[in-house]
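J.: For the protein sequence lines, the chains are A and B, in the order given.
Here the working numbering = 1-based position in the first sequence + 8.
Here the working numbering = 1-based position in the second sequence + 870.
Rather than coming from a laboratory, the hints here were simulated on the basis of the structure.
Be aware that one or more of the hints could be misleading.
Once the Cα atoms are required to be at most 25 Å apart in a straight line, the calculated DMTMM-like pairs of lysine to aspartate or glutamate come out as [what the hints assert, rightly or not]:
{"id": "1", "chain 1": "B", "residue 1": "K980", "chain 2": "B", "residue 2": "D1148"}
{"id": "2", "chain 1": "A", "residue 1": "K218", "chain 2": "A", "residue 2": "E240"}
{"id": "3", "chain 1": "A", "residue 1": "K218", "chain 2": "B", "residue 2": "E1336"}
{"id": "4", "chain 1": "B", "residue 1": "K1021", "chain 2": "A", "residue 2": "E114"}
{"id": "5", "chain 1": "A", "residue 1": "K205", "chain 2": "A", "residue 2": "D170"}
{"id": "6", "chain 1": "B", "residue 1": "K980", "chain 2": "B", "residue 2": "D966"}
{"id": "7", "chain 1": "B", "residue 1": "K1508", "chain 2": "B", "residue 2": "D1528"}
{"id": "8", "chain 1": "A", "residue 1": "K218", "chain 2": "A", "residue 2": "D170"}
{"id": "9", "chain 1": "A", "residue 1": "K218", "chain 2": "B", "residue 2": "D1019"}
{"id": "10", "chain 1": "A", "residue 1": "K166", "chain 2": "B", "residue 2": "D1212"}
{"id": "11", "chain 1": "A", "residue 1": "K218", "chain 2": "B", "residue 2": "D1148"}
{"id": "12", "chain 1": "B", "residue 1": "K987", "chain 2": "B", "residue 2": "D1015"}
{"id": "13", "chain 1": "A", "residue 1": "K132", "chain 2": "A", "residue 2": "E114"}
{"id": "14", "chain 1": "A", "residue 1": "K166", "chain 2": "A", "residue 2": "E242"}
{"id": "15", "chain 1": "A", "residue 1": "K218", "chain 2": "A", "residue 2": "D187"}
{"id": "16", "chain 1": "A", "residue 1": "K103", "chain 2": "A", "residue 2": "D202"}
{"id": "17", "chain 1": "A", "residue 1": "K206", "chain 2": "A", "residue 2": "D217"}
{"id": "18", "chain 1": "B", "residue 1": "K1083", "chain 2": "B", "residue 2": "D1148"}
{"id": "19", "chain 1": "A", "residue 1": "K103", "chain 2": "A", "residue 2": "D93"}
{"id": "20", "chain 1": "B", "residue 1": "K1151", "chain 2": "B", "residue 2": "D971"}
{"id": "21", "chain 1": "B", "residue 1": "K1151", "chain 2": "B", "residue 2": "D1468"}
{"id": "22", "chain 1": "A", "residue 1": "K116", "chain 2": "A", "residue 2": "D82"}
{"id": "23", "chain 1": "A", "residue 1": "K103", "chain 2": "A", "residue 2": "E114"}
{"id": "24", "chain 1": "A", "residue 1": "K218", "chain 2": "B", "residue 2": "D1023"}
{"id": "25", "chain 1": "B", "residue 1": "K1016", "chain 2": "A", "residue 2": "D170"}
{"id": "26", "chain 1": "A", "residue 1": "K205", "chain 2": "A", "residue 2": "E174"}
{"id": "27", "chain 1": "B", "residue 1": "K1083", "chain 2": "B", "residue 2": "D1015"}
{"id": "28", "chain 1": "B", "residue 1": "K1016", "chain 2": "A", "residue 2": "D222"}
{"id": "29", "chain 1": "B", "residue 1": "K1021", "chain 2": "A", "residue 2": "D82"}
{"id": "30", "chain 1": "A", "residue 1": "K218", "chain 2": "B", "residue 2": "D1212"}
Since the structure is predicted, the reported quantities are computational estimates derived from the model, not experimental observations.
So the chains spell out like this:
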Amino acid sequence: THAQEERQLIMASLSTTSPLVRVCVYWAFAGVVFVCYVLTAVAVTSTIARSDGERYSTVECPGSRRALRKECRDFLDNFTSAASDFTHCMMSTVKPTCFCEFCYEEYKDVTGIYGSLKHSPQCKETLLAGDFTQAIQELYNFVTTTWTTRAHCRNCFKPHSDNITEEASQFYELVLLLDNCFNMSKAENLSVCDVCKKNYTSLVSYYNDKFGRDPSRVCADISDHMNFTVSEWETHHCHGISNQITAVVLISAVVLILTVGFYVSVYCCHVRQQKILRDRRSPSVSRSREGTPHGRDKQATGSETPILDQDAKSQSLN
Amino acid sequence: MAETTPLCTADSLLESYEVLSNASHSSTDNADSFTGLSRDRRDIQTRRLRQGRYGDGSSGARMEGRLRKRRRAHGVEDPGMSYKVISSNFESLDYDIVENDLYLCEQKSKTHGHHLKIAVARWVVMFFIGALTAAVAAAVDITIDKLADLKHDYVFQSINNCMHHGCIARSLGIWLGISIALVLGAAFLVVYIEPVAGGSGIPEIKCFLNGVKVPRVIRLRAFVAKVVGVVGSVAGGLPVGKEGPMIHAGAIIGGGISQGRSETLRKDAGIFSYFRLDHEKRDFVSGGAAAGVAAAFGAPIGGVLFALEEGASFWNQSLTWRIFFCSMTCSFVLNLILSWYDGSIGELSNPGLINFGSFQGQPYLGYELVVFVLMGICGGLLGALFNFINFEVSKFRRRYTKYRPLSLLEPLLMVSIVVIAGMLLSFLISECHPYGFVPKIRPVQMFCPDGQYNAMASLFVATPEESIRTLFHAQQGAYNLVTLGAFFCVYFLLACCTYGLGVPTGLFVPCILTGAAFGRFVGVLMPMIFDDGDAWSHSGKYALIGAAAVLAGVLRMTISLTVIMIEATQDVAYGLPIMVVIMIAKLIGDIFNEGIYDIHIQMKSVPLLPWEPAEQTVNYSAPEIMSTPVKVLHYREKVERICHLLLTTNHNGFPVVDESEVTVSGQQTYGQFLGIILRSQLIVLLRNKVSPYISSCDHKLSSFVSRYLNQKIMLLSWVLLDFMACVHLTFKTCIPDFHLYILSM
Chain A
9 THAQEERQLI MASLSTTSPL VRVCVYWAFA GVVFVCYVLT AVAVTSTIAR SDGERYSTVE
69 CPGSRRALRK ECRDFLDNFT SAASDFTHCM MSTVKPTCFC EFCYEEYKDV TGIYGSLKHS
129 PQCKETLLAG DFTQAIQELY NFVTTTWTTR AHCRNCFKPH SDNITEEASQ FYELVLLLDN
189 CFNMSKAENL SVCDVCKKNY TSLVSYYNDK FGRDPSRVCA DISDHMNFTV SEWETHHCHG
249 ISNQITAVVL ISAVVLILTV GFYVSVYCCH VRQQKILRDR RSPSVSRSRE GTPHGRDKQA
309 TGSETPILDQ DAKSQSLN
Chain B
871 MAETTPLCTA DSLLESYEVL SNASHSSTDN ADSFTGLSRD RRDIQTRRLR QGRYGDGSSG
931 ARMEGRLRKR RRAHGVEDPG MSYKVISSNF ESLDYDIVEN DLYLCEQKSK THGHHLKIAV
991 ARWVVMFFIG ALTAAVAAAV DITIDKLADL KHDYVFQSIN NCMHHGCIAR SLGIWLGISI
1051 ALVLGAAFLV VYIEPVAGGS GIPEIKCFLN GVKVPRVIRL RAFVAKVVGV VGSVAGGLPV
1111 GKEGPMIHAG AIIGGGISQG RSETLRKDAG IFSYFRLDHE KRDFVSGGAA AGVAAAFGAP
1171 IGGVLFALEE GASFWNQSLT WRIFFCSMTC SFVLNLILSW YDGSIGELSN PGLINFGSFQ
1231 GQPYLGYELV VFVLMGICGG LLGALFNFIN FEVSKFRRRY TKYRPLSLLE PLLMVSIVVI
1291 AGMLLSFLIS ECHPYGFVPK IRPVQMFCPD GQYNAMASLF VATPEESIRT LFHAQQGAYN
1351 LVTLGAFFCV YFLLACCTYG LGVPTGLFVP CILTGAAFGR FVGVLMPMIF DDGDAWSHSG
1411 KYALIGAAAV LAGVLRMTIS LTVIMIEATQ DVAYGLPIMV VIMIAKLIGD IFNEGIYDIH
1471 IQMKSVPLLP WEPAEQTVNY SAPEIMSTPV KVLHYREKVE RICHLLLTTN HNGFPVVDES
1531 EVTVSGQQTY GQFLGIILRS QLIVLLRNKV SPYISSCDHK LSSFVSRYLN QKIMLLSWVL
1591 LDFMACVHLT FKTCIPDFHL YILSM
């Protein structure tokens, strides 16, 4: 009986609650459900999107199943992912450059896959020669030229080995020392020029010694590191070259004065020699030229007189 | 030969050279026959001579005035200076075959096999000339390369380090010291060993090929001085190139191998004695000069055309083939040697000593031709200015610094100025770029922040060829306007003053470098004016056009220069603009003065004939310009008089006259001309005390000629001593009468 009473009470309370409240409850419930739906949808789409990015898009041209064999398709996918890995690695380490050291594995993948593709008789034709864009070839060329001729990465590594050279590792040690020094001076608020000059000079002379001979062929990791270090050092304006300028100007002045002095003294000390040139033409001819002027010519050519006069004048002037 | 045309005799012509300048042009015209041009020409000249003798010849004064006026208008000659005189120190080459009985006898005895042997020998000799020229060129190139590397390593490492340690003065001292030492070697060789090895050598070769015997120019001694000297002057850092000297060296090789002996060493290998005639030697010298061009620029066709345009006035088809073969051989051998030096034997694509690099991928558009034409005009003006300044400087040098120690000192001062100019300019205009901004450049930090190089310093420090290549091929932005303008001005002046110093100096490279800086300046300016980045983005091609313009403005060559430029850039696409620019620059330059080689030929007072006689010379007769009395020999002549004539004159030949006809139609003459006898022939005759009328075939003509050629000077003195004694003591009994053997004409 007690339970019955209670049920009745609840029923009564329910019936007594206003319709407005009831509507609110329903709407609230529906709202929660909607929000949950939206969140789920967003989550799902974003997951799908992300996984799309990682799987490098599985878009296929119509009929590509027929155009490509299975193994060639695999080659293509592998190459695409390797090249993409390399590009990603390179671009993320491009400033300051260190991709020679850190993207070596990726580079080896690209060249390895390309090499095996080159030696695969079935896919070589279809993939390398069969299209207008030469996309694979171009991509491969980009990777190799960036690696070899632009960045000279091979020079970072020991010949026929995957380890970086002694020079490079020693260079990095020196850079590290200098970096520590920079940090230390900053922390202790000391003058960078005084504290780190020794480190810096040893780094520069090491660089000049080992790599300065042909800087255009230095591995990009090292030269770029050097450039960054140097430009950082330059911001401190540590060495003034003004005291060296005086020496240069002095030497220049000496040379210039010597030269000018040489020419002036040569000019002044010169003794002029008279060179007498004797006219050894036949006297009769000379006389006829001076004495009887141009009788025949006048008759022959007529109106030459003004020129003659002019010439006579110029002769007399001389 | 039946024709007994009176020749314009060597005697009177040579005398005419001594006549005052006023008539110099005409006298050279009359000398045509002497330098052996064509038969027709000679006849014309002779007729003119005769006309002069018998006519009244009164137009001289007018002519003189006109000529002088013309010359003054050209601005080359300065009235009152002595550069108008034609020196009598130069003899002509004897191109005419001595056609006497001896010669005819010898010709008769020759078989077909003998002629074939000579024909084959010509080709063989040409092959060796080409190969040896290439070897010498490669040796020079490699030595200069090594020396420049050493110098660069030593000096500029020191400068780079000194930027931090404050020892820049010491580095500058080292730089000056090394440069001066190298140039001192070159200057010493030229001033004290062989003065004719100074300069580019092209004027001398041009004279030689046109029939003027320039003393000692085709000698081993000149070769050594030239080749060793050019290494010193180029590696020392003077603004000079090695191309002119290479052409000279090639010509000497041509003249040396073909003769099979050396007059410097007094050695005679006894081979190729049938080439010991002046016209044979001339052909081989042309071949050698062509090979020199081929080696210097990697331009075999340009070499042939150079020999044709600048060199020989004697040409025929078979000579073209031989010379082409020679320069081809030279190119090939040079490629082979350089490929070996570069470590890839057999890769024959490394053409010459200067390689301008290819211009592929830099198209030019129609409207750019307008700019090119303007640049051509500028090039002509600049060239004229260059020649003018150089002429004035050379005049100064000839007058004031001709003493040996002074001319030794001058190149040293010049190289110091170059070093100082480089140093000061790099300090004043320090355009800095990071290392590797322009590939293949010698990086010199010099007043730049660490890790950057100084663009101005790199232009001065590199060998000129490297600088040219950078100016041609570096990307837009590698040099700014200030750097280029300052470099152009300074280098132009330095190059003006350097040519003519007592060291071997080539002109091509400094002109190209100056022109390239000028062109690149225009190329950088263009996008600024027209504000359209893409259309004007290749300043390298402007550098090429500027180089061609200045080169043509200075040298005034046309076809050979065009072909050389095209061959050196390996790009025929730029043929049209190069041709246009070269033509315009030459035309503009010719308004003001002559080409620099002609100016220097004139300054040396060499009697070199122009291509055409001046129009006014028609009425100008020989007696008006020639000196009197004419030194003639009579049909029967006494030894005493011959000896006297040989001693008192330096003429190369004497006319032999028939004294019986002294007066012709009332006019007094020196006799009827019968023939000409050369000094050399007289000396040999005297020495051997040849009895009258050599008519048997016992004496071989070749032995006759070569015996004399060996030791001219010694022979002369010996003969004269011997004979003077004879004349003084027992003249009557010695040889009472000496009948000259008259060459049958």
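J.: Honestly, which of those hints from before does the structure not fit?
T.: 4, 5, 11, 12, 14, 16, 25, 27, 29
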